[in-house]
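Could you use the hints to bring the two separately framed chains together as a complex?
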Amino acid sequence: MNIIKAGSSGVLLPDLNIEFDCSGTDGGHTFISHAHADHMPRSKKSRVYCTAYTRALMRERGFEGTAQVLEFGTPLDTQRARITLYPAGHILGSAMVFVESERGNVLYTGDCRIPPSPASEGFALPGRRVDHLVTEATFALPIYKWDSHEKLASEVRSFASDSLKNDFAPVFLAYDLGKAQEIMQMLAPLNRPLQISRACYNLCKIYERAGFHLGSYETYTSSTCEGKILIASSHALNNGFPADVSKKRIAYCSGWATGTTRFVGPSIDKMIPLSDHLDFFELIELCKGLRPEKVYLTHTPNASVVQHYLDNLNIDSRLLE
Amino acid sequence: MSDTFRQWAEAVQQIAEAPDTPVGITRCATYLRSLRTDKGLQLAARFLDERIFPFRSGKRVAVGSRTYSTCAAEFCEIDYEQVFKPCKKALGNAPDTIEKLMQNIEAARDRRSSAGLSLSDIRQNYERLSGLSTRTVKKTLLKSAWRKMTPVEINYYIRLMRGALETGLSSQQLASALAEAFERDPSRVRHAVTITGRMGRTALLCKHDKLEEARFFPFHPLPPMSASPAKEAEAVDLTRYVAEEEFAGLRTQVHLSGNRVKLYASDGTEVTGPFPDVTHFFLSRPIPDVVLDGVICAYRDREILPGQLLRKRMKMKKKRPGADMLEQYPALFIAFDILYHKGELISGKSLSRRRQILEKLSENHSVPIASQFDVRDRDHLKKLFIRSLSHGNEGLVLKLRESAYETYGQPSDSWINIIKPAGSLKTVLMYVHTENGKHGRRHTGYTLGVRVREDPRYEEEFIPIGKSGADDLGDEETKRLKKRIRDLTVEKYGPTLGLIPEIVVELEFDDIRLNKRTKANYVLHRPRFSIIRWNSDPVETATLKKVENLYQKKINQNRLKQDENPSFLIHENYTSTKD
Ligand SMILES: [Zn+2]
Ligand SMILES: [Zn+2]
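Here the protein sequences come in this chain order: B and F. Note that full-length UniProt numbering has the first sequence beginning at 1, numbered continuously upward. Note that full-length UniProt numbering has the second sequence beginning at 1, numbered continuously upward.
Incorrect hints may appear among the rest.
[Claimed, not checked] The calculated lysine-lysine pairs, modelled on DSS-like cross-linking and capped at a C-alpha distance of 25 Å, are:
(1) Lys248(B) to Lys482(F)
(2) Lys247(B) to Lys483(F)
(3) Lys247(B) to Lys89(F)
(4) Lys145(B) to Lys89(F)
[What the hints assert, rightly or not] If the Cβ cut is set under 7 Å, some of the chain F residues that face chain B in the computed set are:
(5) Pro19
(6) Val83
(7) Pro86
(8) Ala90
(9) Leu91
(10) Tyr574
It should be emphasised that the hints constitute simulated quantities derived from the structure, not laboratory data. We treat Cβ as the ideally placed atom computed from N, Cα and C, and that holds for glycine.
Bound-form chain F, shown alone (with noise of 0.2 Å):
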């Protein structure tokens, strides 16, 4: 007998309403070990990993919301707009309210019987749809696929479609389960998913013991390695650490493997597009294979230039930056460190050796690195700080020599981050967002707004500026917030609460960013709680007009050239374009 996809769907619901994550992980191993087809366990572990199709297959099924759900409008036999539309704004989500009226409605019950598909055959239907392209064809096929499905399935297949299973385990925690369902080594499985990104076929030789046989390969980009805070600094040996400046730019990985080169950004989005100067340089060049950490930066003139200015370009998406902005700012790549060089992944090399192997690529082929400074005494760690500064850079990273590059677990001291005090301002709690977890509502994250009565701009008193979690608040704190929230709602919105603006909030941030989508054209960028201002008046609050002197002064701010100490070392005749 092959293994269904209801027993997976059926899983996955016992998963997502685990109480906590142990459980989670332990049903999601039963339910691994469970399974008896090498195919099917193969299929199980990919789909709970959120993806349909193997790794680099390039396919995709592009359906959206409002084709699957006015299609479950038609299988049920019930109005799209006078109906579906409030059900689903009542359950907050299309697949719970789908699974609901699949279950409920007469006309949709009888349309169904369960046929046991098996995986395969929903890997196959995907894939199906994949090659489809208009909406009525997709719809035909959804149809005949539901027919066979109960609602649970049903959830679930679109669910798995959309990418949003909201398991509550992340990769790691898949492969931890992976781990407990056949015993094996939970490091070994974590460092197999993280170098392959795959999880169907982990899971194959997790079973088979074979983890020996994880292979990385160029075009699956690798968590980037983090940094610790500054408070770890105080502590540690500087002899046995080199410091890099911590660059105002785009962390990226490159991957550059044959003919072909592609970016990353550090949540492992691809941003090939917007950075056609940068790939023309690697593809004009004959590199080796190679994977490379660096970052991205504006650089004009011997200057690097804030980091939001790439922005726009990445705004750019799909099409390809025109030659105008090409010229205003040029991106360069800046190499601080390799992982994959001539078919080997190095990544479990030491800092050093990883850094010879760099240089050499440096000198061979004009690719730009990040300089690398030995640290004196906290002296002298002090001047290169400043001086990364003056550069127009964010600070220093400092970095532990004999250190591997580290693609999983908390950030450990291998690498220290000693970055420029944060920017804080007071501003108001506006709304608060919540989402479903395991333990029922809980608040997600906070938008925090700054006052705008006196400005005649806005008709408004307060507006939006950012929108932070509070996660270090410690738990007393978070009680009283919590209580403070419920006295001061007043309206809901699907699942975010307004509230009357009262309670004020000192906030913390690493910088201020351009966003012409928001009604104030600033965000603060990574704010967090720094206090509660229990006792403070709302008029406290910082203006907007405050915020856009800030960010005035960030922009002109006289930049350091990169003469003497630079803060990367460029090729003396470096172009991004073959002569």
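Pulled out of the complex, with its shape left as it was, chain B reads as follows (with noise of 0.2 Å):
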């Protein structure tokens, strides 16, 4: 099977005509497997395959290509392959897909998640033998091991409430898509009201469509926010949001938040490891599991160490790059 790159994010499989998370070309079947800004295609020609909730997702980002919409479990059917799409637990509406071939069987994950986010649809594979496996490898490093996400959730919580007691308004720095919702459920039971941007709380309407319980929130108001909890990006954090709470305590919530020695910009004051992707260790149970002929790596900075644990394995690995 020929497996290639394609741009800073996209893999394609040329002999069956299909590519993953693209802009995709004429006559290709283009699949995405969620709404994520580095896996969105981006031209308005683009016509793909997704879930509805990431069509839903995609389209309040400013997708103005065609998406037809694939349900999970449910096969596509080309001249040259079946399609089905399985949950990857990354955020809502992120598919694995799952393509079987004369010329072998793939699974593409795309950005995924073991145990799953509780905000999504839940993790599953398909239960075929999988002969090529193309992973991402983002914490390809073995000083990245998850806490179990009651722990994180109870760390959320606790740094919420005790910066309020101290009369800090307590700033959850998080990505808009997928990050965000999951710490607001962390948070709902807290009862507190939350504000967010514009951005986040069009993307949060569609959680709660898929039947997400995210609390109250509202959009961020300079006068309102006293006594709030805020949920911020890096980026609006940086240009300045929100720069009116004078008092205020910043958490940073992503995998990147192990060990301290990223560069995030502002002032961090307190760091939560909690991310929307496999740790290496799941990672290395999810190639052990499923023993494909060979894994393909991408979106990683450390495939070396990935392949020195699968080499020891007896598991053919590339990078794809």
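Shown next, in the form of structure tokens:
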């Protein structure tokens, strides 16, 4: 099976005319795993397949092409292959793409998380043989091992309540899509009002339509943000949000909040290693469980470390670049 | 029950994560108060001060980063090159990396079970480690210790060994924590720590309300008193001050007791080795026990030579400088203060009184001492200042006659520095150095460069000329700089950011020094931001040629000999050796 990289994050199966996470070509079948910016098609002319929620989220984020909905577990047959989506556990709508063909079966994970984010449709593997596993390896070092969701949720809640108790506005530094909603879910039991950006607000409405309870929230206004919990992207924070709040404590919520060396810009009071990707050990387990003929790694700064472990397991691997 | 190392390590972690210094001090105080035994308190306080062994024991744990890192890799059964190194690169330091690996990797978890080691156990363990010499036996000992520890303990066990706790608290702030813990007068605790240098013993004195028993002994360098900058001089009553020349040399503290002499630089590091001529002078005379503050100058043919010539000696570190070096750059210690005399700490006495004692000592034993001048008026001050510069010195220090020797706290106007206006150059910002603080990543320093574009010796456009902080910029300017840096960052080397060279900074400095290890061969001494020239083009940056010319001009300056009105008094038949 020929598997190649296209552009910054797209992957192509030229033998099957199948494409993942890119703008697509004429005559190809293009599948979008989820609505994060680095996976979304950029062209107006794109014609792609994705889940219903990925389509809704992409539309909200400015996608103007054509997207055809493919539900989880419902196969699509092309001349040369059968394609089925499986939930990836990363964010709402996120899907892994399973391709069955005469040339072998390919599982493209997109971004995925095991155990799945509670603010997603869960995680499920196709119950078939996977010959080629194309997977992200964002956190490809054994220093990355996530705490349980319960533990992280209680860290998030106590950061918020402790800050409020000491008259500081708790600010959670997190992306607008996925991470923000997961934190809101964690905070919902506190019953405290929350303020978020307009962009985030619109995405939250889609999560609620999908049945996720995010507590009470409103868009950020400087006159009324006093005493409320705030969620901001690092982009917003770098550009002055929420500048008017002088007494604030900032929690950086990311897998990169492991250890302390990543440059994140503003002053951080608390690091919460909450990730929407799988950790190193889950990644190795996934490969071990599927035992594919070959693992193709993408989205990784440390492919050589994963490959070292896969070599020891006698699993063939390659970095897609 | 004994006080455990685990409690200590977890407390240190809590202190390091405190949102600000007062909270850090309070957390530290709470922990210190919680200790049950005297032994525990003593060790905990000493360890917090990053010392393992008692003061003056001379013992040292010599375990290099490669030893404990490869040892940790073996303990976790991971490949050092292929796995450990990339992990360390991602986290930026070995102890944090080792903590994570110890916690995450099953093989390591299976091997460890927390045994509740006491602080004394750890002290004994370090003691054993200090007696070992080969890497293999050190590793065996490390592994057997780690087996009984939690990941956080292992992290701080290594950090303590390296003297890199990064609690964010200085010795003086630890003293404040002790004062808070036992409800004592903070200034008394700080004084006790300063004069004894012993945090563990001070903790016990604090607990048992016996701070008056704190004693100074020689061979613990006292923090040198510093002078505040000249702006204060405008307002002062000159009649209350005396003036001394600010010598172009190396600020040095001489400790002499019994048959031993040691020299300390202003940061407390020992510099006895490079100056056998100075130590010989002190050992060849029946001088009583003293601690002298002063300066080592390169002095030949009655001329004070440029201070940078001494730096060649400093580079020798452990090796004794050769005869030619001693002859070419003879070193002379010139005392300007006395802090300890015949078994008594006299830093609390007035300058006038200390000067009397110093003059007497000089008379009896030919110790060279700085000249003191009464200052009649501003004009006279100016004359003295110009004379100092023509001696090859750097200006004046005004000293308040009735002032005590201040060993801690901010410089007051007891001593005022009037130094030559600093040089200044237009430079370009090349790298930003960052560090993890309590508030995330912050900028800790800036590397600035000069232009070598037309210089046939270099390929690049700019090369580094100095590293500066940027403390005096003000909030607005700091914010603007931060934003601009974010836009211009193109590379990351661990904690260092590489920038497109666009930001032009007017840099002030005290001196230009030769440094063969740098690309430019020169570095600016004490560079600091004067102003950011937002509208300047990087092509306006000073060239390396200009730096070289400035340096040559300084070296070749004509120096006034020490004949009339000398900078210091030296006995006619001064020799550094016994005849
Ligand atoms: Zn994603
Ligand atoms: Zn992604």
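| query | Against the structure shown, which of the earlier numbered hints fail to hold, in ascending order? | reply | 3 and 10
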